[in-house]
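Input sequences plus hints: build the corresponding full structure.
Throughout the sequence shown, residue numbering follows full-length UniProt numbering, covering 1 to 1088 in sequence.
Check each hint, because a few of them may be wrong.
Said to hold, decoys possible - With a straight-line cut-off of 16 Å between C-alpha atoms, the simulated EDC-like cross-links for lysine to aspartate or glutamate are:
| id | residue 1 | residue 2 |
| --- | --- | --- |
| 1 | K97 | D107 |
| 2 | K557 | D581 |
| 3 | K850 | D686 |
| 4 | K689 | E710 |
| 5 | K884 | E815 |
| 6 | K570 | E453 |
| 7 | K557 | D567 |
| 8 | K850 | D984 |
| 9 | K356 | D295 |
| 10 | K884 | E814 |
| 11 | K551 | D581 |
| 12 | K279 | D358 |
| 13 | K276 | E249 |
| 14 | K997 | E375 |
| 15 | K356 | D336 |
| 16 | K97 | E156 |
| 17 | K850 | D697 |
| 18 | K65 | E281 |
| 19 | K454 | D442 |
| 20 | K240 | E281 |
| 21 | K115 | D152 |
| 22 | K313 | E55 |
| 23 | K86 | D216 |
| 24 | K557 | E579 |
| 25 | K240 | E223 |
| 26 | K894 | D216 |
| 27 | K276 | D355 |
| 28 | K305 | D336 |
| 29 | K884 | E1085 |
| 30 | K761 | D686 |
Said to hold, decoys possible - Okay, the calculated beta carbon distance ranges per label pair:
| id | residue 1 | residue 2 | range |
| --- | --- | --- | --- |
| 31 | G852 | L489 | 16 to 26 Å |
| 32 | G852 | D567 | 34 to 44 Å |
| 33 | V318 | S241 | 30 to 40 Å |
| 34 | I312 | R688 | 53 to 63 Å |
| 35 | S817 | M773 | 23 to 33 Å |
Quick caveat, the hints were computed from the structure, so don't treat them as lab data. Backbone N, C-alpha and C define an ideal beta-carbon position, used for all residues, glycine too.
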Amino acid sequence: MSTSFAINLSKSAAVYNKLTRDNRKQSAAFNGLLLAEQTPTRVEDTCSSEPIDLEIQSGELSKPKFTPSEIPPSWIVRVCVSLWDKVQSQYSPESGKYSSGEQLITDLIRLSGKKDRMLASGVWQALLEESAIQPFDVMGTRKVADVPEFMDSPQEMYRCTCPLDVSLSLEEDLEAVSTNTLRKQEKPADFLGRKSMFSRSHTLSTDADDAVTAEDRFQLLIERLYCLASAALLRRILAKSPNQRTGVEVEFVSQELLMVPALANFPNSVRNELSKCIKYEVHPLSNKLVFRQGDPGVCWYIIYKGSVWVHIKSQGYVCRLYDGDDFGKLALVTGDPRAASIVLAENNCHFLRVDKTDYDRVLVDVEANIVRLREGDSDVLVLECVKFTCRESASSVHGFEQTATTEPENKRLTRANNQLIIAGTIDKILRHILDARLSIYDDQLPNLVSRLEKLYRLCPFPQVEIDIVVEEFILTLTMFTTNSDVFNLLFAYLGQDRSNGAGKADQLTSTQNENPEVYQDCFSRRVLILLYLWCMCIGLLAFASLDGLRKFLSDIKQLISCRTNCDLEKKAVEVLLKECDQIWNPTHHDARSTTEHDSLKKNNSRKKPSQKCGVLSGTRALFTRGKQIVTSLPCALQQLSHYTHHVQRSMYYTPYHLNRLRIEPHSLPFTPRTHTITFLVYLGEDHRKVILTLPVDTTVQRIKSRLSSELPSGAEINDYEFVEVRSTGERITYTDGERGILFSLSPNSCLFFVPRQDRAKLVPLPIQLNVAMSFLDQTDPGRSMTEIQRKESSLSSPKMKKSISVSQHFSALEELSVDEIASVFTFSHIQLAMCITASELLNYTMGSEKSGCATPHIRLLVAQFSLIHAWTITQLVTTPVLNKRVQFLKRLIKLADRLISSPFHDQHTCFAIVMALQSAPISRLTQTWDRLPVRWKRLYQNRLLPLIDPARNHRAARNWIAENIQNCLPFLAILLKDLRFAEDGNSTIYAQQQPSKVRLINFEKMRLIARTLHVWNMAISGYEELHPFAKRMHCPPRELTATGELQFIPQTLQSISSEVLELFYDHMDCIDDLQLLSQLAWRIEPKK
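Here it is in structure tokens:
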């Protein structure tokens, strides 16, 4: 264990740095997703951009010291005064200007609506550190601590030190918050030397929804204040000596360490032990030494806030480290002297420190709890003894803070066994799960059967508590074995004699004097219990799609039918077969859907002849808005380009944004056996168009093989390359083994198959630039409308004609309401997300060449992110009228806020819009931002920008996911980054202390990966009714949740037809060239 732990420790930083580098082979969509992972540029005045000429040997060592703020920031003053006034208004004037710590926390919980008392104490702790409040020492006996500690006690009294008559204007208040927020965000190059984008010269709007109320302002600032609570609480806890930290505080620190990349992938036991001894240091002054090269290595540092320079004698300053980076661990692992000197690069640097004595003790304690099962001279199973196996709830997994208490039943299910799997062979891991972990479920099979019959779910079952080790095995087994191998091992487990058991770890919990037939019945029951938990863990649709499941269930049925007194087991197999049959043979379940579809067509045929058949006619009928919109845009189904063909849209159709790609049948989820994709390739030097139709999981090699028949005689296929050319001019060459590339193309890309020597000559086609060219033509002051119309009529490309027509007559931000746009985005993205299984996430992490899977749903969802990101920027930079552009900006901010609110909870799409508003082309539109109403400035700065802040390993985004864990679409890049980090930073094969021929699976790695997969399963489970496959099934009503409330999906999302979605995306024209977008931004707002 110590060896693998040290290896994991030494790999962490290298893997994290590798993940943040651009991968040229990845699509523009994935690069866009990783924007939030980039290290933000600091804009603090105390930060030295270049290292000073410091004499290292004679330089002064820094002494840690925490210094509270002397003057709190203006926005802290504003929120503290407002909060204090609301607290004191509940009491009589005789109570004075003081309140107890207990009462302050209670009042904050009442005012904010948040129930976490510890987090509320963190808010007051932050105000105490900012000197906005001070303790009132009645008895004069309070001791001065290094870090002031806010006490949740009725005896501890506090008073507000801010002037209670303070009166900041809306502009001053906003600018103060904006300045504080921008310190944590990446500052665009255009803003160097400028003040905040929000100046005081804006014009207040008179619109009703632009009115600023005191309550709105107070709630936004309270949310901003809560963002400081966790860090303040962590400082307060770590300032205590290890023996003074309570169990609750240690658990909180352990969860906070998940936000630190250097510690996030440590085993739970190691992280829990570190939480008891890790320390917090604050170094106030820059240009001082933390340690010198050659000093003994006595501690390991992780940068929590700030930055440092790394200096080596022979090389000088070699690099700079930022938040989340660590230094000094090599000396701890090897015992060698320090290999470099560390110089503080800025004031007020915060570090987490682990001393060598504590580090060595943790390794010894962890190794002492290891139990090894050996066969011959080799280990075959490695277990770790823990006090109890704590089932990590969805809200506390992999950095997501806990928001709910654990159910008593959960404790009963998880404390029955106090051993966690560290490593083992596949058969021994499975045997341990069957014999030890599933023994607590022996009497639960009737409940599981009843649950599956009554609660039909295509997605994972969030209401069913599953043992954590069982869930980890189920979610990650495809990383180290196959489903068919597991079924073979289970069948062998049913047929083997009990006398062939191997060791203590394989012992059943029942007594050994019973009849062998009882053992066989117990074996059958355990196997069936595992199958039911498997189904509930990944959902019925994914379970029924497992390779070899149908044959395995048939064999189990035949085996059990030969036994007596197995009525329960026989019924369990019958129920599984019956439920899976609805997935295997959905034809006879389509009668109801077909009837509904015929009824829909019949109703549509009854439209009056005078009714418009425009793009918005269906939308108005569905959303029932009173306002009538007249548009000259004809139906998009009649405007398809000449190289695509019309296909009847079914009610299960989900659109995609690339019109040149057609998938048949138009239903989700995509399966290689039934779905094909039609796409266009430009062949050879003359760019001849070739249309291909291939399975959705086709490889580049297969595409080349189909194109070989189109090559000139004598041409060798090996001399040709398959290239994607983006509108930016970037050329990407794909290798033969790659799959799914058709789903991850950038919005305006084209595919070419050209000789290798012609690759450098490829440039974007005119059709890839049609949106930008159309805008430039229409806004050219030297062109008349007659010339524009003449050029439009002379265009030979139907798609370019359509694009110009659309740009003149259709704008989603003008024609649709914010709720309608949010509904369209969320509905289409949720349907894709519901099809993303745990195995697809793993396959995407490993790559298409290694996994052999195309992962089309993930690639398409990632591509949708890039599309919306580019569409948002395009909407603003192609709007030359200032007032109209301000209205668009306001609606985009309102749309982003609506997306993360109920009922949508779509963080993925919200991030695409907010990150677009943070891009350089939009950030430089100072005139537009100046005229934005104050209300929307506040909303943008106080709620949206903190949410995308990548600090503390995306703490704000993870906390939002934790609060909405059972009904939300998370920002996919966070989960993909976690999976990639766990995959690249840990070996699948366990590093044993002694060489052995037996290869053990590193189950600690599987545990790290399973955390992220569990979060995804929990998040999408609330959208069961929107699953694209659900319309083909008869789904019984959902059960009551633990809180007694029904989790129904709002009617807003269910009322959108597939035709509306198709028309919407068919007209989402955008420019995906960032350089061109910047030029357009300069065109509409030239630099003054």
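Cross-check of the supplied hints:
no., hint, result
1, K97 with D107, "15 Å, holds"
2, K557 with D581, "15 Å, holds"
3, K850 with D686, "35 Å, violated"
4, K689 with E710, "10 Å, holds"
5, K884 with E815, "13 Å, holds"
6, K570 with E453, "15 Å, holds"
7, K557 with D567, "11 Å, holds"
8, K850 with D984, "14 Å, holds"
9, K356 with D295, "14 Å, holds"
10, K884 with E814, "10 Å, holds"
11, K551 with D581, "13 Å, holds"
12, K279 with D358, "11 Å, holds"
13, K276 with E249, "9 Å, holds"
14, K997 with E375, "12 Å, holds"
15, K356 with D336, "12 Å, holds"
16, K97 with E156, "14 Å, holds"
17, K850 with D697, "14 Å, holds"
18, K65 with E281, "7 Å, holds"
19, K454 with D442, "21 Å, violated"
20, K240 with E281, "12 Å, holds"
21, K115 with D152, "15 Å, holds"
22, K313 with E55, "11 Å, holds"
23, K86 with D216, "14 Å, holds"
24, K557 with E579, "15 Å, holds"
25, K240 with E223, "28 Å, violated"
26, K894 with D216, "14 Å, holds"
27, K276 with D355, "12 Å, holds"
28, K305 with D336, "27 Å, violated"
29, K884 with E1085, "14 Å, holds"
30, K761 with D686, "12 Å, holds"
31, G852 with L489: 16 to 26 Å, "22 Å, holds"
32, G852 with D567: 34 to 44 Å, "42 Å, holds"
33, V318 with S241: 30 to 40 Å, "36 Å, holds"
34, I312 with R688: 53 to 63 Å, "58 Å, holds"
35, S817 with M773: 23 to 33 Å, "31 Å, holds"
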